[in-house]
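Just so you know, the protein sequences line up as chains R, P, H, Z, C and D, in that order. To convert, take the position in the first sequence, counting from 1, and add 39; that gives the numbering used here. To convert, take the position in the second sequence, counting from 1, and add 39; that gives the numbering used here. To convert, take the position in the third sequence, counting from 1, and add 39; that gives the numbering used here. To convert, take the position in the fourth sequence, counting from 1, and add 39; that gives the numbering used here. To convert, take the position in the fifth sequence, counting from 1, and add 39; that gives the numbering used here. To convert, take the position in the sixth sequence, counting from 1, and add 39; that gives the numbering used here.
These are computed hints drawn from the structure, not numbers from a lab. In this text, all values refer to a predicted model and were calculated from it rather than measured experimentally. Check each hint, because a few of them may be wrong.
No distinction is drawn between identical chains; accordingly, a pair holds when it is met within one copy or between any pair of copies.
[What the hints assert, rightly or not] Keeping only pairs whose Cα atoms sit at most 25 Å apart, straight-line, the calculated DSS-like set for lysine-lysine is: (1) K207 x K91; (2) K261 x K273; (3) K190 x K207; (4) K207 x K144; (5) K44 x K265.
There are 6 protein chains.
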Amino acid sequence: MRPSKRQPNELRPLTLTAGFSRNAEGSCLIQCGNTHVLCTATIEAGVPSFLKNTGKGWVTAEYGMLPRSTNSRVPREAAKGKQSGRTQEIQRLIGRSLRSVVDLKLLGERQITIDCDVIEADGGTRTAAITGAYVALHHAVNYLLRTGAIKQSPIIGQVAAISCGVYKNTPVLDLDYDEDSAATMDANFVLTEDGRIIEIQCTAEENPVEEAQFSALFALAKAGIKELSAAQKKAMES
Amino acid sequence: MRPSKRQPNELRPLTLTAGFSRNAEGSCLIQCGNTHVLCTATIEAGVPSFLKNTGKGWVTAEYGMLPRSTNSRVPREAAKGKQSGRTQEIQRLIGRSLRSVVDLKLLGERQITIDCDVIEADGGTRTAAITGAYVALHHAVNYLLRTGAIKQSPIIGQVAAISCGVYKNTPVLDLDYDEDSAATMDANFVLTEDGRIIEIQCTAEENPVEEAQFSALFALAKAGIKELSAAQKKAMES
Amino acid sequence: MRPSKRQPNELRPLTLTAGFSRNAEGSCLIQCGNTHVLCTATIEAGVPSFLKNTGKGWVTAEYGMLPRSTNSRVPREAAKGKQSGRTQEIQRLIGRSLRSVVDLKLLGERQITIDCDVIEADGGTRTAAITGAYVALHHAVNYLLRTGAIKQSPIIGQVAAISCGVYKNTPVLDLDYDEDSAATMDANFVLTEDGRIIEIQCTAEENPVEEAQFSALFALAKAGIKELSAAQKKAMES
Amino acid sequence: MRPSKRQPNELRPLTLTAGFSRNAEGSCLIQCGNTHVLCTATIEAGVPSFLKNTGKGWVTAEYGMLPRSTNSRVPREAAKGKQSGRTQEIQRLIGRSLRSVVDLKLLGERQITIDCDVIEADGGTRTAAITGAYVALHHAVNYLLRTGAIKQSPIIGQVAAISCGVYKNTPVLDLDYDEDSAATMDANFVLTEDGRIIEIQCTAEENPVEEAQFSALFALAKAGIKELSAAQKKAMES
Amino acid sequence: MRPSKRQPNELRPLTLTAGFSRNAEGSCLIQCGNTHVLCTATIEAGVPSFLKNTGKGWVTAEYGMLPRSTNSRVPREAAKGKQSGRTQEIQRLIGRSLRSVVDLKLLGERQITIDCDVIEADGGTRTAAITGAYVALHHAVNYLLRTGAIKQSPIIGQVAAISCGVYKNTPVLDLDYDEDSAATMDANFVLTEDGRIIEIQCTAEENPVEEAQFSALFALAKAGIKELSAAQKKAMES
Amino acid sequence: MRPSKRQPNELRPLTLTAGFSRNAEGSCLIQCGNTHVLCTATIEAGVPSFLKNTGKGWVTAEYGMLPRSTNSRVPREAAKGKQSGRTQEIQRLIGRSLRSVVDLKLLGERQITIDCDVIEADGGTRTAAITGAYVALHHAVNYLLRTGAIKQSPIIGQVAAISCGVYKNTPVLDLDYDEDSAATMDANFVLTEDGRIIEIQCTAEENPVEEAQFSALFALAKAGIKELSAAQKKAMES
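The following block holds chain R by itself, in its conformation from the complex (with noise of 0.2 Å):
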């Protein structure tokens, strides 16, 4: 039995409000449970160094915690001066997903910035801010089109992302903090909405398991995707 009742494949309730934020191009605030997400997407002109006068644009993303939007506290990043390794490895992750569904060419120079701020966790914000920054991103994108910056629309691809975990034997969907922290094997899946591949991530927190119960895990994502695919569907159109 799951803490939250649900069923080994029922996500936490969802809801994608793209448009959130009255300042960015681009946003949407991301509700798994209680994991809130805020993600707000920054255009500017210009890239990188390393992209200059390639005719490429560039998606990068950064991610932070609210100090109290866990149970306890944690310091403030920006007063111990650097980012965890942690924060860091999120945000580099939600970067590279994100760039898997765009042609950069397309883009032309100039760079879209994905902030994704957890105002409440309770697992699965990595997740979560992939799924809601691609929604922040589409919404970027719009405003490029409508504002006649570019013609076509350098998104090839749509991507969302889901958690999966071994709780008390069990592959489960979607762990809240509650599971995540009592999981065997937990598995981030970032996905295509038609199941391809963009990154896996699967740690054996205690013990090294078996592949069937990692096959077991892609199983679920992939029915969970779908989902999320679909509420991210319904949040563009809106």
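Once you have looked at the hints, place chains P, H, Z, C and D on chain R.
Positioned in the frame of chain R, the structure of chains P, H, Z, C and D alone reads:
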């Protein structure tokens, strides 16, 4: 005429939502027009070393802006590796303001940290933060009373803050960003509900100004603080 | 009775030595009782990037304390690897105060940096720094005029600063360290010689205070600023 | 055809030299073709604060590259003043991988730090580091057993790691730099000698890829890990 | 001919003012021509962790330059967030030099920190700092003796320092900035009053130089140190 | 008797392996007994800003120790976020020593960076680094000549370095760690093959020492440098 069509002595629409955060011991989302600040209060055992074994507690604050809370993105302080001078100035101000209405002896050897994170910015974030932080602090103190950790509230006053300024030669209350960036004088008042002074910061933007203008701003502020105090009371009762 | 036996409205003995430094384009050693601050003005070609190609110049300030300028040693900020919030607050205040009396267009695309280094500290270092920095700035502008780099002085006002406070229920002028640490209200006034406001910072130390007390401090400050302005004039003439 | 003329399932020439370092309690130089990583294990009394008084030990890793281990020089992280996100990701991965085969209770309250320093880099440095770090760890544990510090080995499994990728549409084992930079999918497998999963990281480089390709890489990895495990065993016996 | 018209073996005019600082336990302002260094000695309970419970004390030094002590402004190290390699080299040298004439056991478990801050720089700041720091140290030790904290002086020798160099093919004593920047060899000697060696640092600026030139510099230094030692004695007596 | 049974004037067994690194334009592994330093030379277009458009090149050095190159682990400087004062002192010394034998005009507007990384440390790492760095530099210059980038070698001298010290009252050559930590005087000599001085650093460890002891060390060093120079020549020919 103010850009927002408000009267010179008119506050922006104000909403204070106590208990906004699921995790924190105290919290308040304050929305002053398009300035939205999430204030969370965290209670922790222990005090900074200069207070060890004095029997006194401590109240402190941290402040941050989401990178795209503003019209153009400001770089993330965690990524830059340090907090700006402005950020430090603001969080020191919030902490001082709150401590002026707290009896640290009655608090006992514990620390309350108020995190003030700006979700959307449209001028007046530091004063909104103080007004909201007071509610979050009150909320956290209620938690201490409710759980029996303390018997008597250490809160000995009520504090709120508001900005005023001279905009197109007219003293006006509660500047939004458009007014703030054009004002010739800008003053922040941190007052008790009955108009006593906790902190005044007044800056002539381009040219020195006459004392009479300062007096006009002070009068506006006192009236504004009364309204804010009433709104705080309502939020704290709910 | 003040620890220094001064009258409530009496400044500390004041010496302003313009041209103290052999190397700087402008300089002034200010000694207010036992508070000694060396202010040097450096003129450099070029301006910060936000002013490039605007034809405007810039005036900025930096502040530091020698580690043993104080009664007990404060760690060297260069060794700690960062400037404290207090330091940043003070240097921002000095810079704003000076810019309020400078026509940046007349200065042209050059930057004047005023370094204010506290050699001995006995309260009131930030206000002494402003008063001395104005003389150093004036000294550097004379250098620009003398060398023909500019034809017209960009200095359009005269600024000085002083602290006041409520000490044992009496409003007093020019707090020294003993008074400052016992004051119930502490206010810094940055005014022009004719009493117009450039900046006011007023803080109730433990308890909120009545407006009348603030008014008394303001009156003391205006008289004190007149004396400081006269001393600046003398120093600038020599 | 692979640039190195290897078969798709062929590892690079492998040498593991246990005890390479004169000073460390455990060490191993691993050479996989032109990728050379020196792994040293340091045993220290005490554990990180979150483990104090739990009776448990800790195993952690640090990773670095000599600036000119690569084809063009990478700036020295010590000179830049921080470790890159990539470095932190890798050292966290190495640490997790090792801890998954260690019983921290049996280790007792001591910490083993594995430093993995890349002397020459030609792709696959993180997987080589894991494979070599395991041997260094084993070497250090032998030291603890030999000196009587512990009675029973805390090592409860054997771990190795290998990268695979899709190069010119062919799944291949043990990518070198030329292959890695051209691969359309890149996966790192950290497995036990009997093929159970400790960690999988799989990234599509430009376009999402089919699950079948992932499965092919997994199969290659399992075979490769067997060879690596055998080589580790030999090195540990000598 | 030297720019300053001095003889090759002639020191610059020298003034040592012991007790210059009002706050520090020991202090000395040293003025060697236009090089002015303020040295303050702070006595603090406790020692660095590597000396805890050894009964030994510690003497250490820090060094800094006011940003405009030099002809063109050098950025403030506190603002840059780190001390330069040069600064660290110098403060390590000052500390070692002082410790060589102190019996750390007799000092007891306390630390004396000598802050050497350059007010005006015209070459030879590090050697002036050592010469002045010795007087400040002596001054602080007198304070310990006077207050009865120690019974016997831990100072077991007298140290001074001077720079020499080869300027226009002539070995000269006590280089000023003009000479220093044109010298072909530059040597700093830290000697006891009777000519024994504490530290020698000798650097050929552009081309390697003959041993004979080094010997000539050494001879000059020994004579110069005698003069400096006499001046120190006088300053310490007053 | 020396711990290593060497004669007072006997170097440790020495091996210089030019071309050790596969990637660098120049490299040398120097092994002096158990002190092993890998020196790599990287040639890059461009020079530091102070040399732009002067036609001159630059030679610089960086130095690091693998964390467990020493008997007890030293924390990784990249993880601590800064290089120690000792590291900076050493890399500045190596850079100066190399530049003293290079005609920077003949090098042209390019920079050669010598990375000196200590693989195993047993005393004398800085002097070994200089001796090895010279060979790596020579190796890189040969690359420039061979590829036609320059026509004439900018190397105008040959430099090597050695430490000496007074160990149990006997002046000895080439201190290992055991001797170094017990020596009463420690001197590093950077000399040309014909004995001219590039740099001397001499430090009395506990007590000031007589000039005669310094002279004895100098004599030992000159003989040692001859042997090192011969070994460098052999390594450069191969």
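Here is how each hint holds up against the structure:
1. K207 x K91: neither (51 Å within a copy, 28 Å between copies)
2. K261 x K273: Intra 19 Å, inter 42 Å, cutoff 25 Å: intra-copy only.
3. K190 x K207: neither (51 Å within a copy, 33 Å between copies)
4. K207 x K144: between (47 Å within a copy, 22 Å between copies)
5. K44 x K265: within (22 Å within a copy, 42 Å between copies)
In terms of the numbered hints stated before, the structure departs from hints 1 and 3, listed from lowest to highest.
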